Amino acid sequence: MRALYYLLITSLKNTIKELKRKPLALIFYIVIIIGMGFLIFISFRKPIQADQLKGSQDLFTAIITGVLLLISYFSLKNGIEKGSSFFRMADVNLTFSAPISPKSILIYGFIKQLVTTIFTMVFFLFQLPSLRLNFGISGSSITIILISLFCLFVILPLLGIIIYAYASKSRKNRKLSKNILNGILFLTLGIFLYVLVRTQNFLQALIIFLSNDMLNAIPLVGWFRAVMVQSAQGFNSHMYLYISLIVGFSLLLLYIFGRLKTDYYEDVLEATEYKESVYRAKKEGTSIEGLQNDKLKKVHSRYTGTGAKAIFTRHMTEYRKTGYFLINRNTIILAIVGLASKFFYSGGNIRTVLYMTIYMLFFFSFQGKWLQETKKPYIYLFPSSSASKLFYATLADNLKNLVDGSFIFIAAGVVLKADILSILLSIIAYTSYGSIYIYGDVLGRRLFGEVHNKILNGALSILLLIFAIAPGLIISIIVQFKFVQIPYINYYSYLMLIGWNLLVASIILISSRGIFKYVEME
Amino acid sequence: MLNIINLTKQYDKTLAVDNISFEVKSGEIAVLLGPNGAGKSTTIKSIAGLLRYTGSIEISNFPNKSLEAKRLFGYVPEVPALYDMLTVYEHLEFIAHAYNVSNYQQKAEILLKRFELDDKRDKLGKELSKGMQQKVSICCALLPEPEVILFDEPMIGLDPKAIKELKKLLLELKEQGKTVIISTHIIDSIEEIWDKVLIMNNAKIVLVKTREELAQEAQSLEDIFFKVTEG
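Sequence lines, in order, name chains D and L. The first sequence begins at 957 in the numbering used here and counts up by one. The second sequence begins at 3 in the numbering used here and counts up by one.
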């Protein structure tokens, strides 16, 4: 145990020392801490008047339930498919083979998990002022909510390992576990759809469904929900009952874990290898698409040309393997979130969907083929001109944005009853944003390629992108609201937005056509 | 033929390659030998045109970043870089189209058989072991039949049979008059095949010798390596 204690302390010390060598990261953390402290200070300093509260108790309950259900669903899904792992590959290689008892190593893993959990909690801390201002939640309630979340984050990985130990025993077990989880998911969605049909209002249906007290009956998640929701209303005997249930269930899990298999190394090995691949992909800025064990369709490559065009054909082959003519999981996610955004803003229309999807597209663009291509040596080696490499390596991403845009805005247009011109302009505007994200990255590489500090390089590239996008967006919004009396002003503002984006993207594309003569592989 | 004059590569404050010059002729196997961190991989990556540098690198008298030069050289990276969603055969198909290789099917079959990959042709890049990925990487570099081939630690991850086959192939390439440059830190792996050794240490080339010169001095490669790298 002394060796593990040494490992924990030394790792912590070295992390702090590392911050001294990376002042930008240190500044980032300091800004986060000051910002969080300021937000919490402001929100708790100001007394909350009951008449100022914007959110209802039901909305509060619905938010808590929604967050808990999502966290639990993905944690259990991960448990069935890959298991959870508290460990890194260095732990597996160095401690699992050392003469240290597996139980001590497990405690060490738990402690590491707790540290990670504390960092995850920071995200939730940022939501505190919002909870306080909108729902009037007291300081003691917030403390209970945070402690509950912390406990849930600790218990779920343990449950994940137990489920994985069962599911990994045979194909039949895995299928059964998957079917049970999918069954629960479809049942949940079915009940929600029933409520939606009855209310005919998405947001109202969501609140009614998620604030139903029957959900307290769900083991673990429901009990945590009950404790968190009850904490906002005051302590009562029910709360103690649910806390007892959680404690009892956690002890039961520990007991099962202890009895289930003393040799858990094999169970965590695969999960740790997967986790390590995800970390590596994250570090290298590559997509984790290839790491997922989703089945790829068997398709034949259709090469119609040689040289740089082969890059485009390969991209299209890859897209055909993971989706249907460029429409894949990301398209569906963008469409759902885009459409859902309409319900969260009063007066939301197809433009609301556009703004939400271009915001999301910014993050999705990091998974684009262009970025993946630049991480491998081939594109730098091929005997094709730099301009043709740049054109063909970005063509599939541009086409995908066009297809995604068409899918999203035709669906949004039908649901929101938008006119055809607005749908068409939204598709083009969405695609033009996609282009500006792609070529913004190209320009970033050209301008800041020699900056080897990843944080600084990333920050500079994002700033550059903001400068590239902002004028078009500002002009378009000003025109739309300032000249509201002009007929068809809505369409003109769209055209200005598109015109600016296409102008900027074209300038970057033309000025960066020789990029492969100057950039270096990361 | 490969000609390097005054090559220097600097990463921020670190001087990775310090003003090196050397030449490798056609039909010659040159070995870039050196301890970890000596600058071997940076040199190979600079020759492959993956990095910015100062100095001059010419491949068969063409600047290394020109299209003419790119048509003439192949590169096997230190870490195999395969596409997760492409099968083994699709990698070769892709390279064949990118380099406009005529009659590639036949050439691909020969390479797949030679490296015992013919039964793995439908396996995805992500499904292969590291050694298998390295074999695919070598096949991709050799498919366009380059005049100059750059190998960065090519033996790592390969099984004994594949190492034997690769050594045989390197000698065949030499007989065909190709220029081969291999970067490695494992002396034993290239003992039988090298013609010229370039020993690097602390970003500089500290020794250049041909096999004949070393034989005349009655010294082994290992002896001379430790002598020049450890003083």
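Hints listed in this document are in silico derivations from the structure and should not be mistaken for laboratory results. Don't take every hint at face value.
Some chain L residues judged to face chain D by a derived CB distance under 7 Å, without partners named [said to hold, decoys possible]:
| id | residue |
| --- | --- |
| 1 | K67 |
| 2 | A100 |
| 3 | K169 |
The model shown is predicted, which means the values in this text are computed figures rather than measured ones. In this text, a Cβ means the ideal position worked out from N, Cα and C, and glycines have one as well.
Which numbered conditions among the earlier hints are violated in the structure presented, ordered from lowest to highest?
3
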